[in-house]
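Starting from the known structure of chain A, arrange chain B on it as the hints suggest.
From first to last, the protein sequence lines stand for chains A and B. Counting with the numbering used here, you get residues 1 to 555 for the letters of the first sequence. Counting with the numbering used here, you get residues 556 to 1307 for the letters of the second sequence.
Do not rely on the hints blindly, as some may be mistaken.
[Stated by the list, open to error] With a straight-line cut-off of 25 Å between C-alpha atoms, the simulated SDA-like cross-links for lysine to any residue are:
(1) Lys379(A) with Ile822(B)
(2) Lys779(B) with Asn1003(B)
(3) Lys112(A) with Lys1131(B)
(4) Lys703(B) with Tyr291(A)
(5) Lys379(A) with Asn797(B)
(6) Lys113(A) with His710(B)
(7) Lys396(A) with Asn797(B)
(8) Lys396(A) with Asp876(B)
[Said to hold, decoys possible] To be clear about the criterion: a stretch of chain B counts as covered by chain A if any three or more of its residues have a C-beta under 8 Å from a C-beta of chain A, and this derived list gives those stretches:
(9) 880 to 889
(10) 1032 to 1043
Hints listed in this document are in silico derivations from the structure and should not be mistaken for laboratory results. Quick reminder that beta carbons are idealized off the backbone N, C-alpha and C, glycines included.
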Amino acid sequence: MAATRSSEFGDLVQIKKQLISITAQCKERGLVHSVKWASELAFSLDPLPLNEIPPAPELTEEDARDLDALCLAKSYFDLKEYDRAAYFLRGCRSQKAYFLYMYSRYLSGEKKKDDETVDSLGPLEKGQVRNEALRELRVELSKKHSAGELDGFALYLYGVVLRKLDLLKEAVEIFVAATHALPLHWGSWLELCNLITNIEMLKSLSLPECWVRDFFMAHMFTELQMIKEALQKYQSLMEAGFAKSTYIISQIAVAYHNIRDIDQALYLFNELREQDPFRIENMDTFSNLLYVRSMKPELSYLAHNLVEIDKYRVETCCVIGNYYSLRSQHEKAALYFQRALKLNPRCLGAWTLMGHEYMEMKNTSAAIQAYRHAIEVNKRDYRAWYGLGQTYEILKMPFYSLYYYRKAHQLRPNDSRMLVALGECYEKLSQQVEAKKCYWRAYSVGDVERMALLKLAKLHEQLNEFDDAAQCYIIYIQDIFSCGEQLEHAEVSTALRYLGQYYFKNKLYDEASLCAQRCCDYNDVSSSSAAHSQLRDANLSPFGKILILNPKQVM
Amino acid sequence: MASVHESLYFNPMMTNGVVHANIFGIKDWVTPYKIAVLALLHEMSTTKPMALLDRRRLNKLILPLQQGPDLTLEQFLKIVEECCLRMVNAVKHRYASSLNKELFFKKNFILKIPEPLISFSLFLGLFMRQMLLAYNKLSFSQVYKLYKSLQQYCHRVQPELSALPTEDMELTSNEDPSAEHIDKDELDTASLHQSELRSEGTSQGPLSQKQAEYFLARQAYLLKNDENKAMSPAKLQDELNNILKFNPDFAEAHYLSYLNSIRVQDIYISTHSLLHYFDRLILSGGEGKSNGDEGYGRSLRYAVLNLATLHCRFGHYQQADLALQEAIRIAQEANDHVCLQHCLSWLYTLEQMKGSDSVVLTEDSVKIAAHFCLPYLASLGIQSLVQQGAKQGMPANKLLDALRGTDIMHWKQSLSELIEISLAQTTSIWRMYGKSTMARQQAQLLLNMNSLEPVNFSVQQNNTEAFAVALCHLAELHAEQGLYAVVSDIMKHLKQQFPPHTQHAKLWMLCDLKIQFEKAMNDGKYHLAEPHVTAISALNSTEGLYRKAQLLKALNQTTEASQILQQLQQQCEKSKDIEMTIRVMLASAELHWDSSGFATALPLLLQALALSRQHNLQSLTSETLLHLAFTQLMLGIPEQALVLVQDVLESVLAHGSLIDKGRALLLAARCQMALAGAAVQEHRLTAVHTLDEAAVYFSQLDCKERMRDIHYLQARLHHTLGNISQRNKCSMLFRLLDQELPSSGMTVVSHL
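So that you can see chain A by itself, here it is in the shape it has in the complex (with noise of 0.2 Å):
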């Protein structure tokens, strides 16, 4: 399968000159996302000599005839005219003004949809507001659909239409159609990518077989939180002759950024703003980076940078939030996300963040509103979740946040932070049979912050199991240990003092001694001291037996 693959990609001056085409004809239909990302990709590539360059397509009868037409609507929709462009267009034939047409068309409607949200007649009606040309689009639509007279473009714009009716199984349909007849155009795919809720739905549709195929499922894993097949495919990808292309290596970063591969991730940022200086896009997402690291410096250095480019952005909003707030000023840092917010309602992000700084000023009536809305946005977004839950901890009320903890932890099954949380939790209401399950799962799938062994050696001690607790702490230690960075983990010289006296307890003497020695080597006071008066006992107790026989002087 895998060579398969690499032989497709191994006519690059191919692919190149499918990119050029489609750049080209995307273009003339005013699809602009479509074309900034067919020529991101071509730029990745190596030029082409000028004889090999595509020529243009050869006009026929018809578009000769709607040549004029075209010219003049194309202009007007360049300049945002939209029911003029297709006033203009109305009686052509050929498919690209037809296209043009309808496009205009939807435009035209949606701007004015927009325009009406401000104006409506009253607060209800807010969300009641629609695009009103969409109707009679989808019946002109269908019925061409069901004459065959759709092409790929058409296609698409028919599925936009149905998926902005809430049609959506017709809607994915349809897409599946476009990207059979039009596999280079990306802005299917991506609606598609969209639409697609879980891995047995993607598994189910039939897809072109294409390179462009490649790029979708890693996008598309990437969306489902399945981030290592995502990063093999990328990897794939690059090996294949893409390995400039930023889109490819911002969507790597993204997707180390989402299994918080945090250096992996800030190193791809770094040489991504290397390549791409003027990049907005997914600038968010990098000071989010820069801020776990708390890197106040390279924060700064991109705030800076981002308002020169665009101050109304909303990522550049996010990115000030950010920086406010890792400078600990939430009331900018909450005025910047409302602005994000304002740019784009529907940004899931800087809800979500804007919660974060409300937590942090104790506005937590506010947070909780923010966090709401996040949810409303995107009902998968676990972080909102796990936030709501954070602040009902903190208003000291475990057992309502457990409702959220466990939204949050059913959205990433994998995440041992939710689980951390979740015993904890249990822990506070005193369940600690719940609590112990949820510790060990925790540290099962990959405790990150380190944290869930401690936490169950230290319920194993409350519980008097010491032998458990031994053994959490052996494994927490060679954890520690292993990962060979020196953390500053305060936590190490307890678990090391707690493995020397319950080797005393033991009689295993010469463990207890290596305990206690290694304890010494860290500078928390108490249980140094508690160290060094053990290593005196460890030594002296082969030679005096009375504190063997009498271990309750010892402890």
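Only chain B this time, still in chain A's reference frame:
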């Protein structure tokens, strides 16, 4: 690429990250439908001569029209037509003329309020002024939009209106040549994708805030008071989703959705809706009238408390306990005594549900509630105490005194809910003491009482647990008297009033099963009783076990029966269920009889007698005494037995069920017969009379087995008395019945 002009999409309602649903305080706005209502009002006030009846009907129509959801013009006209035929054309005409473009923009005449109208009703005047205000606030483009929607609204209905000879209509149709074309297309699509479009069509447009509030209030009221009249769960959920789609900030809709999903026992949606509601409420509490921080914290406490009740409702006692503890902790921190009090009352309820003793908790709750002047919680606590006291054998006078004391307070404070509970409780207590007449009287009192609650939406509250309990008691009481037709009527009513999925349905289900079981047992149709046992066990395991033992005993499987009875005895001792303990003792005694261990049955029966006397359980006392008398008869001391029977006979005849009466009389007759062996003739004669009386009761119940016994005894008596013809008649009757019934193998003497 889809959303152009996204920068224009800003939300003017949002300040400080908080979206205010309604910044201008407009709860209503002008819609084409509202204009139609206004047109109707206008016509009503201007047409002077009108039949009184018509006018009355129209006046009654106005309120639902104004508060209800927007209708289509067709529906609206139809409703008006039903009331007053003449009005329709006038309204239609006026409405059509509102379409006149010139007039619409210049004079806005339809909104001009004719003078008499304002004065004749405050409410309608307010409505019209609101409409006028809302209209005046519209910007030019909004007015244009309103005009367009008005046009569409008319077009959708009929060619009729457009056919009206007004020149402006021509103007509009000229103006919009594509309109018809679109209509045709829409028809096409309808045929193409009927289902989707239909679903789009049925969901009505957005409700204004006022309409939505009215809708929610009405449905919530109906859910509380008479669920059958409310919308079906699925439909209500659809409506709620619709409201929430248009206005996600409308928190009350979430609460109604919580209530609705509790109705269908859906824990997932109900939890979700409840939490969502409180998440939203916390906000509005923060900026509402109640001073900032206080209101916010308060809703947090009640959020957890509500969560606890939710888990309680679904029987998740551990979860409920945890939630309750949390609520108590927060309330303690905030020093909120009222909330703490609520928590405490839930705590003892929870303890009771878990089956543990909670008297101390309840007493504390009553004391504190009285201290903080919370009459509702206090008397709820007292009622709960009375219930527990009754079970544990508190003296009857104390219990009834306590109930009366609280009753006085209920009437003073008009706590109608508690009055109902109190009546139902008295019914149960009388029933438990075995005073069927008193019980019947109390139940009737409750059912015939006029509720103190205001009657809204023409629905009176009659679906509380109290009603269900009283009705069940009535059904059982009637069943005891053999009035099965009445019972089935009551059951039908209960089924209708408390559909099987509702909370209190289990009450009548159990009651129904018990009655059927008893009936089958009395008729000797044990194969019919068997499935009922399984069903009863599903609803109440103890009761199920007891019935199973009874059935096994009747089928002569004594070993199994005695095993089950022993098991039951242990259970009852643990749960301190006195009534059941006595019953189990009686049943064990009967088992002893079967093995002729009459002497061994005696201590059991005496123990049962002591217990039942101690707890004032009169019916059980007399039952026990009958058992004792029978044992004595069997042990050969009929004199003693007869004395005992005659002692109890009075109370049995007064309060007992038909079968008990029959059994007591039969026993008395047998005692008399036993005595007659030694003594004079007259004993035999009285015995014949007693048997006749008993026969009346048994024949009412159609209890053939016992009838057979009676005929046998009668025949014997007549034989000794020498009434040959009577004897022959009785023996013939006996023979007939004996052929009909399967021979039980049991001799006539061996059971009570």
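Hint by hint, here is what the structure shows:
1. Lys379(A) with Ile822(B): holds (19 Å)
2. Lys779(B) with Asn1003(B): With Cα atoms ~20 Å apart, Lys779(B) and Asn1003(B) stay inside 25 Å; holds.
3. Lys112(A) with Lys1131(B): Violated, because 74 Å separates the two Cα atoms, which is more than 25 Å.
4. Lys703(B) with Tyr291(A): With Cα atoms ~52 Å apart, Lys703(B) and Tyr291(A) exceed 25 Å; violated.
5. Lys379(A) with Asn797(B): holds (18 Å)
6. Lys113(A) with His710(B): This hinted pair holds, its Cα atoms lying about 23 Å apart.
7. Lys396(A) with Asn797(B): violated (35 Å)
8. Lys396(A) with Asp876(B): holds (16 Å)
9. 880 to 889: holds (count 5)
10. 1032 to 1043: violated (count 0)
Hint compliance for this structure: hints 3, 4, 7 and 10 are broken, all remaining hints hold.
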